[in-house]
Amino acid sequence: MHWIDYYRPSTLEACLEAFAKHGASARALAGGTDLLVQMRAGRLANNVVVDVKAVPELNEIRYEPGIGLTLGAAVPCYRIYGDPTVQREYPALIDSVSMIGGTQIQGRASVGGNLCNASPSADAVPPLIALGATCRVASVAGEREIPVEDFCTAPGTNALGEREVLVSLNLPAPSPDSGACYLRFIPRNEMDIAVAGAGVSVRLANGCFDSGRVALAAVAATPLLVPEAGAALGGQPGGRAAIAAAAAAAKAAARPISDMRGTAEYRGNLCEVLTRRALEKAVERAGGTLG
Amino acid sequence: MQSIHVRTTINGQAAEFLCEPRQSLLEVLRDVLRLTGTKEGCNDGNCGACTVEMDGRIVPACLVLGAEAEGADILTIEGIAEGSALHELQNAFLEGAALQCGVCTPGFIVASKSLLESNPDPSEEEIRFWLANNLCRCTGYDKIVRSVQAAAGKMQQETTS
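Chains as they are written, first to last, in this note's numbering: chain A, 1 to 291; chain B, 292 to 452.
Just chain A, with the same shape it has in the complex:
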């Protein structure tokens, strides 16, 4: 690896100042599972690494009933799936963080890093989109909020400006009659990259779907929100017919490529199957029945 300088700021202010000073030549280090690999491969030209794991705002898991979850961008997967509140309130997030890499990777890799890496197949991203999460982004000039579905802009690129840092993800508190799920398909049991994935959330009311959100992995240049699938659920009776319509909408919205992991046609079919199964699970988690 080329020479780098290493900083470990212990306050958000010092962290933002480091990015203000070094701009595009600095990269944030959380778990390093993408960053260090890419730097070693010569794919990144940065010469400063800012280790963000001592910044409190990037390392907190904080749940406030009625408001929601603040998930620090650098919190590693194992802390998320080991958190009883997240287990109870956000099982779809648990679905994804417990399938990213293996045990060792989960000891390092963070949801914020998974999002910033902006891989189309990132497993943590569809459930965040389905759950309506937003990104808290900060720089010395101030802060802004970005919906997760607008954060990835192309494979490997995101909406962060040169001096900006992803501080945390904010997930709204789930209503009692809601449920969510993330499913992915890989040809083995673990340690693989999604051929396709579906993250969904639903809200039930009086035996109907009040609303729904569906997001897909690995079938477009970025993780993909499918508003048509959500619209196919909203106001419909909470049974298999609406789920089938949403699944068909997911398949229709997918714009997959063919590569070594699967053909475009195969990925399209997977979107339909995964969306249907994820919605069935989400309904079950919401306490509903499929009729």
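Everything labelled a hint here was simulated from the structure, so no lab data went into it. Any given hint could be a false lead.
[Claimed, not checked] Calculated lysine to aspartate or glutamate pairs in the EDC-like style (CA-CA distance at most 16 Å, straight line):
#, chain 1, residue 1, chain 2, residue 2
1, A, 53, B, 346
2, A, 53, B, 361
3, A, 53, A, 13
4, A, 281, A, 89
[Stated by the list, open to error] What follows is a list of derived Cβ distance ranges for each label pair:
#, chain 1, residue 1, chain 2, residue 2, range
5, A, 265, B, 333, 28 to 36 Å
6, A, 291, B, 416, 27 to 35 Å
7, A, 258, B, 414, 35 to 43 Å
8, B, 333, A, 245, 43 to 51 Å
Glycine residues also receive a C-beta, built at the ideal position from the N, C-alpha and C atoms.
Please build the complex by placing chain B on the supplied structure of chain A, with the hints as guidance.
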């Protein structure tokens, strides 16, 4: 372009070293501290050969910078045995022929020890999922899984007797 002075704890003993900011914890362990029990396999987080425990959690040492070890508590394969008394996992791997070339073995032992501490009686499936990040190209995993089960059994006997 300055080296970094790092103070850390390795296998229960205070340690300090100088490293370049770009050096991984794996490079520091092997090349600076000469703790060569931790092996380099893929150097990109896939194979688990360099597994160490850092603050109670197993991580790939190739994906940790040496500078990140500041203030941390690190356990390597050298810290598993107590003096000349091998850990039950090490005995079980020897008795169960769970190693051939041995390059993956330190990673498997460190990862398995971490598993048994949180889950003293894991099922075969739990063992296989926990060790999914550790690759072995010689034995085909069955002997490794059976040896972890054997060690778990022995360790449970010891705690109940």
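Hint-by-hint comparison with the structure:
1. Proposed proximity of residue 53 of chain A and residue 346 of chain B is supported: the alpha carbons are some 13 Å apart, at most 16 Å.
2. Our distance criterion of 16 Å between C-alpha atoms is met by residue 53 of chain A and residue 361 of chain B, whose separation comes to about 12 Å.
3. Distance restraint check for residue 53 of chain A and residue 13 of chain A: the Cα-Cα separation of roughly 14 Å lies within the 16 Å cut-off, and the hinted pair is therefore satisfied.
4. This hinted pair checks out: residue 281 of chain A and residue 89 of chain A have alpha carbons roughly 15 Å apart, not beyond 16 Å.
5. The hint said 28 to 36 Å for the Cβ distance between residue 265 of chain A and residue 333 of chain B, and at roughly 33 Å that hint holds.
6. Between residue 291 of chain A and residue 416 of chain B the C-beta distance comes to about 33 Å, which sits within the given range of 27 to 35 Å.
7. Checking the proposed 35 to 43 Å range against residue 258 of chain A and residue 414 of chain B shows it holds: the Cβ atoms sit about 38 Å from each other.
8. Distance hint check for residue 333 of chain B and residue 245 of chain A: the Cβ-Cβ separation is about 45 Å, which falls inside the suggested range of 43 to 51 Å.
Hint violations for this structure: none, all hints satisfied.
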